[in-house]
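Protein chains: 2
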Amino acid sequence: MSKLLIVGTVAFDAIETPFGKTDKILGGAATYIGLSSSRFNIDNAIVSIVGEDFPQEHLDLLTGNGINIDGIEIVKGGKTFFWSGKYHNDLNTRDTLETQLNVLADFNPVVPESYKDAEIVMLGNLHPLVQLSVLEQVENPKLVVLDTMNFWMDNTWDDLMKVIAKVDVITINDEEARQLTGEHSLVRAARKIEELGPKYVVIKKGEHGALLFHKEKVFFAPALPLEDVFDPTGAGDTFAGGFVGYLAQTEDISFENMKNAVIYGSGLASFCVEKFGTERMEKLDLDEIDSRMQEFKSLTQFDIKLSPNRAL
Amino acid sequence: MSKLLIVGTVAFDAIETPFGKTDKILGGAATYIGLSSSRFNIDNAIVSIVGEDFPQEHLDLLTGNGINIDGIEIVKGGKTFFWSGKYHNDLNTRDTLETQLNVLADFNPVVPESYKDAEIVMLGNLHPLVQLSVLEQVENPKLVVLDTMNFWMDNTWDDLMKVIAKVDVITINDEEARQLTGEHSLVRAARKIEELGPKYVVIKKGEHGALLFHKEKVFFAPALPLEDVFDPTGAGDTFAGGFVGYLAQTEDISFENMKNAVIYGSGLASFCVEKFGTERMEKLDLDEIDSRMQEFKSLTQFDIKLSPNRAL
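As they're listed, the protein sequences go chains A and B.
Those letters in the first sequence? Residues -18 to 293, per our numbering, in order.
Those letters in the second sequence? Residues -18 to 293, per our numbering, in order.
Keep in mind that the hints are not guaranteed to be accurate.
No copy is singled out in the list; a pair is fine if it fits within one copy or between any two copies.
As the list claims (entries may be wrong) - List of simulated lysine-lysine pairs, BS3-like, C-alpha gap at most 25 Å:
1. Lys256 to Lys198
2. Lys2 to Lys278
3. Lys198 to Lys60
4. Lys186 to Lys278
Since the hints were derived computationally from the structure, they do not count as laboratory data.
Computed from a prediction, not measured in an experiment: that's the story for all the values here.
Chain A with its partners taken away, still in its complex shape (with noise of 0.2 Å):
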């Protein structure tokens, strides 16, 4: 069985939708990762750290769902990561109320003896010295996946550019590929970043779906186009546990495949945005997962005769 190496928060979050508002609930990207990659016939563990405040019953769900925890280090008579955001009317975008970093300013992760050897590892969205040292402790894995966003790019560009030199696919979404490379195309943007060191590029559109480059290949994945978005908080990193906990399980990292894991990424976020926070994730059977991947199917595949003669 693969095993899978995801390090990235593990949070409270607060959120407020024009639906409702929640007030400290279950978050962090890893969490987010973790509960999608544990669908699929995996071994996978996450390193992180929180604070005394972290509820058993929350460290209980991750265990339940089969997601081993020895990684995540507990911080005696210290606070746990909180994030506090606001979405708009339409959902599309949000304004952070308040980050407390508490335990995450002073996070080294250790990674377990048993997950040194993991076949992938999933970066999630941390500061670039962080993510470099758990690449340090790993020996020679199949793929890495980093994850980032626009703040690291604003504030420790030198880092996250020695980061990105040494992984496999980087996922970040449309608004920082052109950040990144100054290109608003987004097959040049995706040029660019692979001459800094990841061969295959995944920009994320939301609610426009995903795209995966490799060299001069392009594979696009829709998002599910939806009646009702209640929450599109950790949709992102459902995405990426879909997509790392899908080439896992098949053992399979072509771009072929990569292919089927941008679908997979894509069908699991289209769960996570219809509950508050990590609800919907909580409770995902396979059953629910065949029936919507299903729907993906349905949604986008056609089959037209191509002739080239005049009689098309």
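Model the placement of chain B on the given structure of chain A, informed by the hints.
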């Protein structure tokens, strides 16, 4: 051979993009629709109106592409409809600098006898009453497709509702779908639009592709990610022309075949934007089209295995 009747503007455009500027060049919705639909093996005609200042060479371009122009009225002493626009740096939005209706102000379309029995009618973007007058002249078409824009929603709502009630397919962009229905979700918007008349709703999302809705079914055709978008003028009409042209040639207006039509529309639109105005569409051969459609297949087709048990 199926007949396609197109009504819309044939015009002069003056276009400014970050890459250059034109004086009066050939434009107009019906021009782009026709140059696109005439790639297919069909009998297509344009009903429109131009002034005496409209050059014979432009008319020859249309007839040279097999388009019947008996229905294009040439007004002695009149001036052709003129539009001037300027695109923003990212080419996604544009400002209209000038619109001179000229002869279009008195357009009373006369459908040629031989096209009154056209199987497919494409009502290009025009005053709803003008679109309605064309419907009154045709004899029981199999499919009527309507394009419209926010201008008519703002200024001629009741007339727009009248014509919408009589068509089978409506094509609009996402902003317009939201304005028309007050819904943000495109799924909900399409549902409301279907209640107004059209059984099929095509929502164009520009660089983000197009959605096709019919009852509970939905299909998505991406826009091809491009290195360079040179001039987006006419892309939407080229899309429409590919859509109706493909349906006319294949003589199959089922939802399944409409998926293919939307893909063809998207494929042809991807050529349109490569050069200024109609230049790319004027010389487009079938080998190029087939090659581009193959790119669309590679862009979207995947083969995930679905399984109800843990071993996905």
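Hints versus structure:
no., hint, in the structure
1, Lys256 to Lys198, "between (35 Å within a copy, 23 Å between copies)"
2, Lys2 to Lys278, "neither (34 Å within a copy, 43 Å between copies)"
3, Lys198 to Lys60, "neither (45 Å within a copy, 48 Å between copies)"
4, Lys186 to Lys278, "both (19 Å within a copy, 20 Å between copies)"
Comparing the model with each numbered hint stated earlier shows that hints 2 and 3 do not hold.
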